[in-house]
Amino acid sequence: MNILILGSGGRESAFAWKLAQSPKCSKLFIAPGNAGTGQYGTNVNIAVNDFESIKQCVLTNSIDLVLVGPEEPLVRGIHDFFLADEQLKNVPVIGPQAEGAQLEGSKDFSKQFMERHNIPAATSKTFTRDTLQEGFDYLPTIGLPIVLKADGLAAGKGVLICLTVQEAQQELIEMLTEAKFGDASSKVVVEQFLQGIELSVFVLTDGNNYKILPSAKDYKRIGEGDTGLNTGGMGSVSPVPFADAEFIKKVEDRVIIPTIEGLKQEGIPYKGFIFIGLMNCGGDPYMIEYNCRMGDPETESVLPRIESDFVELLLGVAEGNLNEKELIISNKVAATVVCVAGGYPGEYLKNKAISGMENVRGSHVFQAGTTQQGEDILATGGRVLAITSLQDNMFDALQQATADASRIYYDGCYFRKDIGFDLI
223 MNILILGSGG
233 RESAFAWKLA
243 QSPKCSKLFI
253 APGNAGTGQY
263 GTNVNIAVND
273 FESIKQCVLT
283 NSIDLVLVGP
293 EEPLVRGIHD
303 FFLADEQLKN
313 VPVIGPQAEG
323 AQLEGSKDFS
333 KQFMERHNIP
343 AATSKTFTRD
353 TLQEGFDYLP
363 TIGLPIVLKA
373 DGLAAGKGVL
383 ICLTVQEAQQ
393 ELIEMLTEAK
403 FGDASSKVVV
413 EQFLQGIELS
423 VFVLTDGNNY
433 KILPSAKDYK
443 RIGEGDTGLN
453 TGGMGSVSPV
463 PFADAEFIKK
473 VEDRVIIPTI
483 EGLKQEGIPY
493 KGFIFIGLMN
503 CGGDPYMIEY
513 NCRMGDPETE
523 SVLPRIESDF
533 VELLLGVAEG
543 NLNEKELIIS
553 NKVAATVVCV
563 AGGYPGEYLK
573 NKAISGMENV
583 RGSHVFQAGT
593 TQQGEDILAT
603 GGRVLAITSL
613 QDNMFDALQQ
623 ATADASRIYY
633 DGCYFRKDIG
643 FDLI
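Letter by letter, the sequence shown follows residues 223 to 646 of my numbering.
A couple of the hints might just be wrong.
[Unchecked claim] Below, in silico cross-link-like pairs of lysine-lysine (PhoX-like), each with a Cα-Cα straight-line distance of 20 Å or less:
#1 472 to 433
#2 547 to 433
#3 433 to 240
The set of hints was computed from the structure by calculation and includes no laboratory data.
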């Protein structure tokens with residue numbers, strides 16, 4: 223099979239690494255990819271939202287399957303675009319159609335979906351510019367701190383945690399009337415804050431059948447001890463120690479099955495990944511959010527633990543027989559440490575030469591914000607590299623990934639040295 227991956231980050235590097243191992247994968251293309259994905263397949267310089275150019279790429283290279291990495295093309299309807307095109311309609315796309323992608327594309331839609339299907343979640347209400355005063359009235363009723371979420375896609379930055387009602391009022395004004403997050407905050411979900419430990423559970427579904435992939439926990443804050451600004455993710459671990467069989471069974475019964483059944487009842491076709499962001503509140507799972515794709519950097523910790531042929535699993539989604547496919551998960555622990563550009567998540571350094579990747583000993587380097595310039599690989603900014611180690615236990619995996627991250631150099635390189643140590 224010829225396979226096309228859409229995306230350019232660490233998640234797509236991990237996908238490319240995994241798919242390239244399958245005997246079923248003849249040729250692999252990544253659009254646009256990065257300096258690292260080129261070692262697994264052919265990078266194609268096409269933006270993920272350029273649907274017409276993607277079509278030409280699919281036809282030119284006889285692509286048999288498309289795996290969509292990021293959320294934006296899914297929310298914009300890449301899957302629908304394929305289904306509506308006479309030349310593309312028989313090429314399977316792994317990722318939901320636009321209606322299903324609203325689970326991530328609209329926080330308001332997803333909260334209402336959870337309510338309709340009795341999925342445990344924080345209490346919340348949604349407000350617009352026209353109902354700002356009602357929002358003010360609601361704020362003091364849900365306790366502190368108060369969570370504000372931009373309804374639409376805000377590149378992972380549209381969630382604010384306010385410690386006082388006054389702060390929440392000010393932020394609500396800025397989001398709704400001053401477009402703090404652009405169109406994404408034309409609606410804002412005001413939500414109760416859940417106390418507990420966060421984790422993610424990933425599900426692959428063909429719309430009827432599903433497979434529960436390994437659990438993971440990611441670390442969003444830039445600073446050690448979970449301090450400072452939010453980022454796209456500074457590291458991850460899989461599995462999550464407290465997410466034992468009993469806890470995952472609760473997640474399956476209370477969240478996964480109602481989600482799959484709810485989509486079916488509402489006539490929403492869904493073929494792809496469902497990222498279930500959860501809070502463990504005293505041993506019970508509560509929903510925080512859905513994503514319509516795999517997480518990043520969680521993918522870099524989850525995929526190395528999947529021992530079965532990943533292309534086979536994706537074919538199960540495409541053909542609607544996922545229940546017949548085998549999912550084998552390693553008992554080993556994966557830890558991922560993310561190296562970012564100096565200054566990130568604010569203004570960051572760009573185009574700095576990377577050295578030392580050849581010195582990494584017991585980890586795999588998934589490239590993200592990189593580009594090739596002659597013989598050099600440059601850090602283009604943001605999240606640059608994800609260093610993942612798979613070991614027999616959590617301590618060894620964390621120690622190895624952290625040690626290997628320190629063997630890599632570029633001007634301004636920064637990584638957290640405490641990823642996962644809260645779980646030991």
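Evaluated hints:
This hinted pair checks out: residue 472 and residue 433 have alpha carbons roughly 15 Å apart, not beyond 20 Å. Between residue 547 and residue 433 the alpha-carbon distance is near 9 Å, which keeps this suggested pair within the 20 Å criterion. The hinted pair formed by residue 433 and residue 240 meets the criterion: a straight-line CA distance of about 17 Å does not exceed 20 Å.
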